[in-house]
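Peer 1: Here are the chains, one letter per residue:
There are 2 protein chains.
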Amino acid sequence: MTKAGIKKLCEEAKDASRGLALIDTKTKNAAITAMGRALLKNAYCILRENNKDVINARKARLTAALIDRLTLNNKRLTSMADSLFEIAGLKDPVGSVIESVKRPNGLVIKKVRVPIGVILIIYESRPNVTSDCIGLCLKSSNAIILRGGSEAINSNIAIFDVLHKEAVKNNIPRGAIAIIRDTDRRVVDELLSQEGKIDLVIPRGGESLIREVSRKSRIPVIRHYKGVCHTYVDKTAFLPMAEDISFNAKVQRPGVCNAMETLLVDRTIAKKFLPRMISRFQDAGVEIRGSEEVRRIVKGVRLATEEDWYTEYLDLILSVRVVSGVDEAIKHIMKYGSYHSDAIVTRSKSNAEKFLREVDSACVYVNASTRFTDGNEFGKGAEMGISTDKIHARGPMGLEELTSYKYVIRGNGQVRK
Amino acid sequence: MTKAGIKKLCEEAKDASRGLALIDTKTKNAAITAMGRALLKNAYCILRENNKDVINARKARLTAALIDRLTLNNKRLTSMADSLFEIAGLKDPVGSVIESVKRPNGLVIKKVRVPIGVILIIYESRPNVTSDCIGLCLKSSNAIILRGGSEAINSNIAIFDVLHKEAVKNNIPRGAIAIIRDTDRRVVDELLSQEGKIDLVIPRGGESLIREVSRKSRIPVIRHYKGVCHTYVDKTAFLPMAEDISFNAKVQRPGVCNAMETLLVDRTIAKKFLPRMISRFQDAGVEIRGSEEVRRIVKGVRLATEEDWYTEYLDLILSVRVVSGVDEAIKHIMKYGSYHSDAIVTRSKSNAEKFLREVDSACVYVNASTRFTDGNEFGKGAEMGISTDKIHARGPMGLEELTSYKYVIRGNGQVRK
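Heads up: the sequence lines are chains W and A, in that order.
If you count the first sequence from 1, position 255 lands on 255 in the working numbering, and the numbers rise without skipping.
If you count the second sequence from 1, position 331 lands on 331 in the working numbering, and the numbers rise without skipping.
Excised from the complex, chain W in its bound form:
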């Protein structure tokens, strides 16, 4: 793709975003619903293209986990369509009034949600990101430019073509949804220099991809680098609940950013809780790396290094530490964590509130698994990404997080004294 071609695509997206901002909710919902139906109707063609990616992935000897993320089937396609139907059913954030104030001089000042403009998403493997992000951007009246990974290029293009055709048929500006078909890495560099045309960049994928995008971009970036998520089991915890929550947070899907990487346990209950818990983990194939104190309680556990506490394993590995209480747990999380999702299991109201207040993470939990940090689980239909930044959006980004606002001021001749 030439530099001129990239520039033109971005300009068309910018133009389309202006039109998109003015389209009514009914038209957007009709388009999104039609797009969901089209996914199901074109399942055969999409799955055939997806199969090409899967075959290439096997040839390239990608890991089983990566191939699993890549693979579509009827069930997954149905779930992609369901996400679109759910997005169509959500409240349109555009135009909603965030706050309204009448000033002593009679001016009425309203803070009104508006779309951000043009959003570039750079992502890896999972083809459902293509339809989720198109749905979320369309509903929030943002133009979207998709740049997926080369390993899923056939799937992404197939999904895009089906959705784009349906969008245009339903009165959505042609340039509002665009995909980069060229997998050359230099295209990304060129895209990241389109300041003024692209308003926001969201990278989703491995830490190295995200760091590279952040370093190169002159456009604002919203991201999370990694998810070193913790569960702290307080001395007052109901231990069977603590066990189930910890097990779910680690084992249910270890390769994702909201999975637990470190388990912290109050000293008071460590001897009672850890042997059973660790043996349950080991039975599920989880490798345990423990602090000295953990190793004194459960024999044969490998010693965790300083490095381990900082590590996002994304795998069936867990670091475990005994702490003196909620304060030491918070201190550990603030030092080693990535401010993504952290949980306390407790029956103490004061320890719960302390944890919620003092742990400075995007999502803080009491008595639930960190695995819930997810747009769909939060009722947002899907997610555009998960942010551990503090500027603009934190946690799962749904429709509201894809908006900015403007001040609308109505007067009757007021001038400034």
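Because the hints were derived from the structure by calculation, they are not lab data.
It is possible that part of the hints are untrue.
[As the list claims (entries may be wrong)] Simulated restraints, written as ranges between beta carbons of each label pair:
| hint | chain 1 | residue 1 | chain 2 | residue 2 | range |
| --- | --- | --- | --- | --- | --- |
| 1 | A | Lys41 | W | Lys335 | 40 to 46 Å |
| 2 | A | Asp68 | W | Lys335 | 47 to 53 Å |
| 3 | W | Ser279 | A | Thr25 | 44 to 50 Å |
| 4 | A | Asp182 | W | Asn56 | 53 to 59 Å |
| 5 | A | Lys417 | W | Glu353 | 24 to 30 Å |
| 6 | W | Gly5 | A | Arg186 | 40 to 46 Å |
| 7 | A | Asn51 | W | Glu353 | 48 to 54 Å |
| 8 | W | Thr183 | A | Asp161 | 55 to 61 Å |
| 9 | A | Thr2 | W | Ser279 | 50 to 56 Å |
| 10 | W | Lys335 | A | Arg186 | 28 to 34 Å |
| 11 | W | Ser208 | A | Arg186 | 27 to 33 Å |
| 12 | A | Lys271 | W | Lys26 | 40 to 46 Å |
| 13 | A | Cys45 | W | Glu306 | 49 to 55 Å |
| 14 | A | Thr25 | W | Arg76 | 44 to 50 Å |
[Unchecked claim] These stretches of chain A come out as covered by chain W in the derived footprint (C-beta under 8 Å, 3 or more residues):
| hint | stretch |
| --- | --- |
| 15 | 9-23 |
| 16 | 239-245 |
| 17 | 353-361 |
| 18 | 364-372 |
| 19 | 405-416 |
These numbers come from a predicted model, not from an experiment.
Built from N, CA and C at the ideal position, the CB exists for glycine as well.
Fit chain A to the known structure of chain W by using the hints.
Peer 2: Below, chain A alone, put in the same frame as chain W:
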């Protein structure tokens, strides 16, 4: 200032921000009120230090406008103290619940406002920015690092010392309010590299300062480059009101970002409106640069160049153009404007709504002067800056715009299926 010294100051700010996030509203309000009183009590000392800056500015032959911005007196000090009292009286944004949802599985998910962390403000001339920003940051529980211009260094340090002493006396962590006393430019470069310690940079000042900060920073920046503000006089406008609003927007204080730079007039009323309006401007010493059509209506007006439409004069100069109606006005504003503040004067509800919807500026006005784009005028007590960005904050930034949020999730043992 050494690199190590800068790093230490930033680390202390980060540490202090953690403590500040947990301080209750009453303590913050007491500190801010005491700081306002201290400003008044120490007026003599502050004015004496300010006088040094004014003498230096005269020696350096700064413009009268700059010296005016720099100069403090009892009235201005009183207004600075009043801003602090007003901030103390505003609602504390920290901890307020933005939204709350109960999911079908029983999880209660709350989106709760939290401070951003450490904010670096880089600003020029006006010493009141020092106290306004300290007040806003303290109330929103953000640590602040101030880097003012060398021309106001004595004033800024005097104000800072008075406020800092009072803050510490009132139980605010010592590191939560910091000032850079070294006016060496290299200190700014070093500050802009403190990613992870500083969370947000707000540059306030001339366009070249803002561009330089944006280019060098690895930390998110919120800014506005310039204010090319428009007033469009619709054919249905009540002309005496249009005249007063336009006159106020240009003349009341021409050197600020929310002053009007371009007047757009509907062709239908141009011959009736322009001669009187332009003569009133000229009587006030405003130089008019008009389109060909304006020059046919009012003789002796200088021709506006293409460059003029893009220019923020910050002076008694105004470009004037005749347009065919609201659509052409919007098109002009979107092409030449800076998305800061734009107004329509009209009695047509549909033209008003069209203008409000389609002009993609931070602040859009109907029948009022653009000069109201100001934190104080918006009821925010003061402002940390004005943003023309779309990410995080737009328009005047007050307390709420100085917060981020976290998701607080309460469960009773939920795990993900």
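Peer 1: Evaluate each hint against the coordinates.
Peer 2: Going through the hints against the structure:
Distance hint check for lysine 41 (chain A) and lysine 335 (chain W): the Cβ-Cβ separation is about 42 Å, which falls inside the suggested range of 40 to 46 Å. The hinted range of 47 to 53 Å is satisfied by aspartate 68 (chain A) and lysine 335 (chain W), whose Cβ atoms lie roughly 50 Å apart. Remark: the range hint 44 to 50 Å for serine 279 (chain W) to threonine 25 (chain A) is upheld by a beta-carbon distance near 48 Å. Distance hint check for aspartate 182 (chain A) and asparagine 56 (chain W): the Cβ-Cβ separation is about 58 Å, which falls inside the suggested range of 53 to 59 Å.
Checking the proposed 24 to 30 Å range against lysine 417 (chain A) and glutamate 353 (chain W) shows it holds: the Cβ atoms sit about 28 Å from each other. In this structure the supplied range 40 to 46 Å holds for glycine 5 (chain W) paired with arginine 186 (chain A), their Cβ-Cβ distance being about 41 Å. Between asparagine 51 (chain A) and glutamate 353 (chain W) the beta carbon distance is about 51 Å. The supplied range of 48 to 54 Å therefore holds. The hinted window of 55 to 61 Å between threonine 183 (chain W) and aspartate 161 (chain A) holds, with their beta carbons roughly 58 Å apart.
For threonine 2 (chain A) and serine 279 (chain W), the Cβ-Cβ distance of about 54 Å falls inside the hinted range of 50 to 56 Å, so the restraint holds. At roughly 31 Å, the beta-carbon separation of lysine 335 (chain W) and arginine 186 (chain A) lies within the given 28 to 34 Å, and the hint holds. Separated by about 31 Å at the C-beta atoms, serine 208 (chain W) and arginine 186 (chain A) satisfy the suggested range of 27 to 33 Å. Taken as a hint, the range 40 to 46 Å holds for the pair lysine 271 (chain A) and lysine 26 (chain W), whose Cβ atoms sit roughly 43 Å apart.
A C-beta distance of roughly 51 Å is found between cysteine 45 (chain A) and glutamate 306 (chain W), which places it inside the suggested range of 49 to 55 Å. Here the CB-CB span from threonine 25 (chain A) to arginine 76 (chain W) is close to 49 Å, well matched to the stated 44 to 50 Å. For the stretch 9-23 of chain A, the proposed coverage by chain W is satisfied: 3 residues have a C-beta within less than 8 Å of a C-beta in that chain, meeting the threshold of three. Look at the stretch 239-245 of chain A against chain W: 3 of its residues bring a Cβ nearer than 8 Å to a Cβ of that chain, three or more, so the hint holds.
Counting residues of the stretch 353-361 of chain A whose CB lies closer than 8 Å to any CB of chain W gives 5, so the stated coverage by that chain holds, three being the minimum. Given a C-beta distance limit of less than 8 Å, the hint that chain W covers the stretch 364-372 of chain A holds, as 8 residues qualify and 3 suffice. Coverage of the stretch 405-416 of chain A by chain W holds. Counting CB-CB distances below 8 Å, 12 residues qualify, and the rule asks for three or more.
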